[in-house]
Every structure is written in C-alpha cells, then in structure tokens.
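Novice: Chains C and Z are the protein sequences, given in the same order. Note that my numbering has the first sequence beginning at 1, numbered continuously upward. Note that my numbering has the second sequence beginning at 1, numbered continuously upward.
Estimated spans, in silico, between C-beta atoms of each pair:
1) Z:Glu-124 - C:Phe-185: 50 to 58 Å
2) C:Ser-8 - Z:Glu-37: 38 to 46 Å
3) C:Ser-8 - Z:Asp-101: 20 to 28 Å
4) Z:Ala-33 - C:Asp-187: 17 to 25 Å
5) Z:Glu-30 - C:Lys-184: 15 to 23 Å
In silico lysine-lysine, BS3-like type, Cα no more than 25 Å apart, as pairs:
6) Z:Lys-107 - Z:Lys-62
7) C:Lys-184 - Z:Lys-7
8) C:Lys-62 - Z:Lys-107
9) Z:Lys-36 - C:Lys-184
10) C:Lys-62 - Z:Lys-62
11) Z:Lys-69 - Z:Lys-107
12) Z:Lys-7 - C:Lys-128
13) Z:Lys-47 - Z:Lys-107
Facing chain Z, according to a computed beta carbon distance under 7 Å, are these residues of chain C, among others:
14) Ile-19
15) Ala-24
16) Ala-25
17) Gly-28
18) Arg-29
19) Lys-32
20) Tyr-37
21) Gln-50
22) Phe-53
23) Arg-54
24) Phe-57
25) Ala-58
26) Val-126
27) Arg-150
28) Asn-153
These are computed hints drawn from the structure, not numbers from a lab. We treat Cβ as the ideally placed atom computed from N, Cα and C, and that holds for glycine.
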Amino acid sequence: MSIKETVSPRTQDEFADSIRRLTAADWGRLRKVAGYYARSWSIEPDDLLQEAFRRAFAGSRKWPANVDVVKFLAEAVRSIANGEKEKAGTRPVFVPISNFSEVENSVDPPDSRPNVEQSLQDEQEVAKIKTALLALFQGDEIAQIILEGRMENMQGDELRELTGLDSTAYESKCKLIRRRIDKKFPDGWKP
Amino acid sequence: MTKDPNKNREALDRLADSFVDDVLRLPDDEILAEVKEDYGDPDELTKIMRALFERTISEEGKVRLAAVKKAIADVHKRSGHIIHIDRAAARQRYEGMIANDQDLSAKLTLAARDGEKQSERDIESAIEDLAELGVFDDGNDKK
Chain C
1 MSIKETVSPR
11 TQDEFADSIR
21 RLTAADWGRL
31 RKVAGYYARS
41 WSIEPDDLLQ
51 EAFRRAFAGS
61 RKWPANVDVV
71 KFLAEAVRSI
81 ANGEKEKAGT
91 RPVFVPISNF
101 SEVENSVDPP
111 DSRPNVEQSL
121 QDEQEVAKIK
131 TALLALFQGD
141 EIAQIILEGR
151 MENMQGDELR
161 ELTGLDSTAY
171 ESKCKLIRRR
181 IDKKFPDGWK
191 P
Chain Z
1 MTKDPNKNRE
11 ALDRLADSFV
21 DDVLRLPDDE
31 ILAEVKEDYG
41 DPDELTKIMR
51 ALFERTISEE
61 GKVRLAAVKK
71 AIADVHKRSG
81 HIIHIDRAAA
91 RQRYEGMIAN
101 DQDLSAKLTL
111 AARDGEKQSE
121 RDIESAIEDL
131 AELGVFDDGN
141 DKK
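Put together the whole structure using the sequences plus the hints.
Specialist: Structure below.
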C-alpha cells in the first residue's frame with residue numbers, strides 16, 4: 001500500500017468530521033487493521049490508532065482529498081507500526097569497552113548497531129511463529145500454498161493459477177486462513 | 001537458519017499487509033459479523049473507538065493551546081510591558097466574536113474540557129491572550 005499525495009490535503013475540521021461519521025463497520029475495520037499491525041510488535045492496537053489520529057489531526061500526516069479516510073488511517077497505522085519496528089531493530093545496545101582501556105569505571109558507550117545475539121533470537125522466534133501458522137493448516141495443502149504465497153508476496157492471480165481455484169473459492173480460502181489465524185493468535189503472534 | 005536475518009519477519013509483515021487488504025475489502029455485514037465474534041457488540045466498540053478519538057484530539061488541542069500560551073508568555077516576558085484592558089468591554093467583545101463565529105466557538109469548546117464549555121478561567125485567560133495579541137487595540141478597550 002502506498003499513498004501518493006498528489007491532491008491537496010484535507011483540513012483538520014474535515015478530518016474530525018469524517019471520523020465522527022464513521023460507521024460501526026468502519027470502526028471494526030480500523031480496529032482489525034490496528035490489531036494486525038500491532039500483532040508482531042507488542043504494541044497496543046489502541047496506541048497505534050491514537051497515534052494515527054494525533055498525527056492526522058496535528059497535520060504531521062496529511063490526508064489527501066482523494067483517499068478514503070479508513071484507508072488513509074490504515075496506511076498511517078502501518079507506517080507507525082513500521083516506525084516502531086525500526087526503533088526496536090536499532091535500539092541502542094551496550095558493548096564492552098576494550099579490555100585495554102586505561103580508564104577504570106568508564107561507561108560503555110551505546111552502540112546503534114543491532115545486537116546480533118538478540119537479532120538471531122528474534123529471528124528464531126519468528127521462524128517458530130511461521131511454522132506454527134503453517135501447522136494450523138496441516139492436511140490442507142491448498143491453504144498452505146496460499147499462506148506461504150502471501151508471505152512471499154505472491155499476488156492473488158498467481159496463487160489462483162497455482163492452486164486452480166476460481167475467484168470465489170480463492171477468497172473463501174483466504175478468509176478461512178485469516179480467521180483461523182485470528183482465533184489461534186488473538187493477542188499477537190507468539191511462538 | 002536462513003541467510004537473510006529478516007526474511008521470516010518480512011514474511012509476517014507481508015501476511016499482515018494481505019490480511020489488512022482483505023479486511024478493507026470486506027462487505028459491511030461480514031466485517032460486523034467478525035467484529036461481533038472478536039470483540040463483542042460492534043456498537044460498543046464504536047463507542048470506545050469514538051471516545052478514543054475525542055480524547056486524542058482534545059489532548060492535542062490542549063497541547064496546542066499550551067504552546068500558544070507559552071509563546072505569548074515568552075513575548076510578554078521579553079517585552080516586559082503590562083497591558084491594561086477594560087475587562088467588561090473586552091469580555092463583551094470576546095463573547096461577540098464567539099457568537100459570530102460558530103467554527104471558533106466549536107474549536108474553543110473542543111480545546112476546553114473534553115467537549116464542555118469554557119470555564120471562567122479559560123475565558124479570562126483567552127481574553128488576556130487576545131489583549132496581548134492586540135485584538136482589543138482600537139482605542140476603546142484600553143485604559
């Protein structure tokens with residue numbers, strides 16, 4: 001998803017009015033979107049939404065006039081979650097000062113490089129999650145192909161061709177996959 | 001172990017993106033059914049989400065108001081002069097300004113106390129701020 005800001009942005013009042021007119025279905029979509037992006041990063045969905053509201057209202061994130069407000073907020077939530085991910089990935093870690101240091105009791109300077117050990121541990125946990133997701137569809141080869149394909153960024157038409165499903169059957173299988181994962185991991189993807 | 005240390009993480013990110021695309025395309029009746037299963041009554045969720053939004057913009061309004069007040073106070077501190085105003089006349093002018101501008105009235109209410117009307121203290125403070133900005137400087141309102 002990407003939003004190109006080619007049209008002049010809406011005003012603060014227009015934004016507030018649009019939010020106040022959202023339906024229960026719109027709020028449901030937004031809450032679910034925040035839930036999906038919050039899932040992997042131990043962020044609260046409400047915190048993501050609140051930050052998206054705040055940025056849009058303050059004007060630090062512009063809402064282009066040609067973009068639906070729900071899609072705009074979904075993209076804002078995604079971007080905020082990615083920002084949190086970047087922060088987590090580059091969090092300062094402390095490295096030992098050289099053993100040859102002449103100064104005793106000196107403070108280790110923070111290092112902005114990712115901690116290799118931590119990165120490996122994170123990656124192993126993510127690999128476990130991926131395996132657990134695929135295991136939910138043991139015996140359903142079509143579902144496993146679609147799930148793997150979506151994780152590898154394959155498009156719907158490619159996956160339909162690969163699985164031999166028509167549009168309706170494909171959409172139905174995608175929904176089954178998503179809902180089974182929703183129910184198995186309601187509070188986030190944990191191994 | 002994979003050669004690219006972020007490969008699996010990125011795979012999960014792409015899966016989240018694909019789920020979001022699906023949810024944004026779902027018809028209203030299907031999303032409402034899912035919401036009911038996942039979070040309970042959709043109307044209750046709507047109330048909670050709306051309250052979250054109102055709280056956020058109210059806090060944002062207060063932050064902005066505080067920034068404006070601080071900027072004015074800084075100017076005041078630097079200039080070091082005291083402005084004398086006829087409070088009754090200024091109050092009358094202020095109320096007239098609000099009565100004639102529904103937009104301004106709505107914004108001041110929003111910035112005040114979670115949608116309530118401005119308190120006396122807020123009004124007095126706003127009049128002082130406007131006096132600082134010279135809004136009442138037409139010769140009639142200054143002592």
